[in-house]
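S.K.: Could you build the full structure based on these sequences and the hints that come with them?
Single-letter residue listing:
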Amino acid sequence: MADLKPYVALIGGRFRSATAYRTSFAVELITNAGGTAVDVSTVFVLFHAAKVVGGFTLGEALMMTGLTASGFVLADLTVGNIDQLKTYIRMGTLDAVLVRPLGVLPQLVIADLPLRKLMRFVVGSAVLIVAIARNDIAWTAGKVVLLVTAPLAGAVFFGAIFVLSAGLAFWWVESGEVGAAFTYGGRDFTSYPITVYGTWFRTLFAYGLGFGFVSYHPALTLLGRADPLGLPAWAGYLSPLVALAAAGIAGLVWRTGVRHYRSTGS
Amino acid sequence: MDGLDASVPTISPHRPLSVSVATFGALMWSGFRRYATYRQATVAGSFTNIVFGFLRCYVLLAVAASAAGGLAGGYGPRQLATFVWVGQGLLNVVGIWGWNDLAERIRTGDIAADLLRPVPPVTAYLAADLGRSGYQMLTRFAPPVVVGALAFPLVAPSRWQTVPLFAASVMLAVVGSFGCRYLVNATAYWLGDARGPLMFWTLGAGVLAGLYFPLRLLPEWLTITLWVATPIPGLLQTPLDVLVERDGPALQAGLVALQAIWAVIMVALAGLVQRRAERRLVVQGG
Numbered sequence: 001m002a003d004l005k006p007y008v009a010l011i012g013g014r015f016r017s018a019t020a021y022r023t024s025f026a027v028e029l030i031t032n033a034g035g036t037a038v039d040v041s042t043v044f045v046l047f048h049a050a051k052v053v054g055g056f057t058l059g060e061a062l063m064m065t066g067l068t069a070s071g072f073v074l075a076d077l078t079v080g081n082i083d084q085l086k087t088y089i090r091m092g093t094l095d096a097v098l099v100r101p102l103g104v105l106p107q108l109v110i111a112d113l114p115l116r117k118l119m120r121f122v123v124g125s126a127v128l129i130v131a132i133a134r135n136d137i138a139w140t141a142g143k144v145v146l147l148v149t150a151p152l153a154g155a156v157f158f159g160a161i162f163v164l165s166a167g168l169a170f171w172w173v174e175s176g177e178v179g180a181a182f183t184y185g186g187r188d189f190t191s192y193p194i195t196v197y198g199t200w201f202r203t204l205f206a207y208g209l210g211f212g213f214v215s216y217h218p219a220l221t222l223l224g225r226a227d228p229l230g231l232p233a234w235a236g237y238l239s240p241l242v243a244l245a246a247a248g249i250a251g252l253v254w255r256t257g258v259r260h261y262r263s264t265g266s
Numbered sequence: 001m002d003g004l005d006a007s008v009p010t011i012s013p014h015r016p017l018s019v020s021v022a023t024f025g026a027l028m029w030s031g032f033r034r035y036a037t038y039r040q041a042t043v044a045g046s047f048t049n050i051v052f053g054f055l056r057c058y059v060l061l062a063v064a065a066s067a068a069g070g071l072a073g074g075y076g077p078r079q080l081a082t083f084v085w086v087g088q089g090l091l092n093v094v095g096i097w098g099w100n101d102l103a104e105r106i107r108t109g110d111i112a113a114d115l116l117r118p119v120p121p122v123t124a125y126l127a128a129d130l131g132r133s134g135y136q137m138l139t140r141f142a143p144p145v146v147v148g149a150l151a152f153p154l155v156a157p158s159r160w161q162t163v164p165l166f167a168a169s170v171m172l173a174v175v176g177s178f179g180c181r182y183l184v185n186a187t188a189y190w191l192g193d194a195r196g197p198l199m200f201w202t203l204g205a206g207v208l209a210g211l212y213f214p215l216r217l218l219p220e221w222l223t224i225t226l227w228v229a230t231p232i233p234g235l236l237q238t239p240l241d242v243l244v245e246r247d248g249p250a251l252q253a254g255l256v257a258l259q260a261i262w263a264v265i266m267v268a269l270a271g272l273v274q275r276r277a278e279r280r281l282v283v284q285g286g
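Chains as they are written, first to last, in full-length UniProt numbering: chain A, 1 to 266; chain B, 1 to 286.
What you were told as hints is all true, and nothing was included just to trick you.
A partial selection of chain B residues facing chain A, derived with a Cβ cut-off under 10 Å: (1) V43; (2) I50; (3) F54; (4) L55; (5) A62; (6) A64; (7) G73; (8) G192; (9) D193; (10) M199; (11) W201; (12) F213; (13) L218.
The hints are simulated quantities; they were obtained by calculation from the structure and are not laboratory data. On a predicted model such as this, the values are computed, not experimentally measured, just so you know. Cβ atoms here follow ideal geometry from the backbone N, Cα and C, with glycine treated the same way.
M.R.: Written out as C-alpha cells, the structure reads:
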C-alpha cells in the first residue's frame, strides 16, 4: 500500500483546490448532471418531432443512449481530464509530472479531481434503467452478462479514445479541439441508432473507428432485434474485444508519445 | 523623449469622437491579431465543426424524413441542413464558449491593472471581442459551410432583405454573446472563481441557442418564452432562422429587432455590474 501514498496525497491536494470556492463548485456539480440530462432530453425532443427515427422507436433508441451515457460517464469520470494534456505541454507543467517517480498517465488522470462528474454517473445509469424498463426484453443469462459488460466495454473504449485524442498533443500541440470530434463526437454518434447516418460516414465511425460496438450492436442484441444493416446478432457480444483492441492501440500511442516528448522549455 | 508626451489614447465623453474611434479601432485590431496567431488551432477547430456538422445534420434529416409532411419544426430538409452547417460556421464567430479572460484576471488580481487604464473594461473587452469575431468570420465561417454545401443540398435566400438582415443579426449575436459572457465572467467578482457559472453557461447556452436542435422543435409556448424572456436564442437561432427564411418577412425582421433589444440590455447590464463590482472590489494578493 506504501506505493499508493503519493497518489493519495495528490488526490487530497486536488480535493482541497476543487472545493476552495464552494459556490462555484456546487454549480459545477449540478451542471455536470445537467450535461448528461441535456443530451438525453435532446433525444426526447427529436423523437417528439417524429415517432420513428432511423427505423427505431424512442424506447429502442433510449437503449443506445443509455448504454452510451453510462459508458461515456465512466470513462469521463476516470480519464476524461486527460484532455488537459495540451495545456500541460504548452505551460511546461508536464515536465514537473515527468520528473516525479510516478506513472505519467495516473498522475495526469488525477490532476483534476473528477468529483464534480460523479453526478453524471447517477444520470447516466438512470437513463439505462429507464431504457430497460421501457423495453420488453426476453432475458437470458447471456443478455444479463451483456448488460453488465456493455457499459464497462464502452467505458474502456471511450477511455482509449480520450487517451488517443489527448496524445495527439505530443505531436501537434495546437491540436485544439480535434480530440473533441472523437470523444464528444463519438458520444453523440453512439447516442442514436447508426441507421440515421449517411453510408460513408457511418462506415467510417461505426466500423472504421469501432463506435458501432459501443451501444448500437449491444442494444440490438438486448432488444432481440435483427440489424437492419445486416450484421449477425452475436455482433453485440464483440464490444469487449473492440474495447480491448482500442485500449491496446491507445497504450502503444501514449508510450510512443511520452518518449517522443521534448519539453517546450517554458 | 522628443515627440512623446504623457497623453494616452482614451475613450471618454470629454475627448473628440475621432480619438475614441481610433482607440476602439486599435483595440479591435489587437483582438484580431491575437486570434490570427493561432493558425493551427483554426484548422483543428474547423475540423471539429465539420465532424459535428455531419453528426447533427444526419440526425435532423432522419427526423425530418419520418416526420409528418417531411417537416421537422416547420423546416424542410434543405432548411435543416442549412441551419446546421451555417450554425457550425457561426459557432466560433459568435463565440458562445471558451472565454474566461475576465474571470481569470479577477481570480489572479490582474484586473486591478485593467481598472487603471483610461478605457473602461467593458468597452475595451468589447472592442477586442469584435476584432476576434472579425477574424473568426474570415477563417471559421467558410469551411463548414463549404463542406456542408458539397455534401448536402442547402437553400439560398430568396428575399432581397434576407442577406442584410442576416448580416445585422450576426453582428447583434456577437454583441449579445459578449454581454452574456461578460456577465457570467463577472460572477467571479463575487464568487472568487467563475468555473461553475462558466460551465453552467456552456451547457445552457448550447442548448438554448439552438445548437443541438432548432428551438422550433420545442412546444411553441416554450420557444416564444425563451425568445422573449432570455437573450440566448438571439445568439444563434435568430440569425439562422433569418437566413433559412423560416418565417414571413414581418416576423423575420421582428426577430432581429427583439435580438437588438436584448443585445443592448446585456451590454448595458455588463456595464452596470462592472461599476457595482468596482465599488466593492477587494483585489486578492499574489
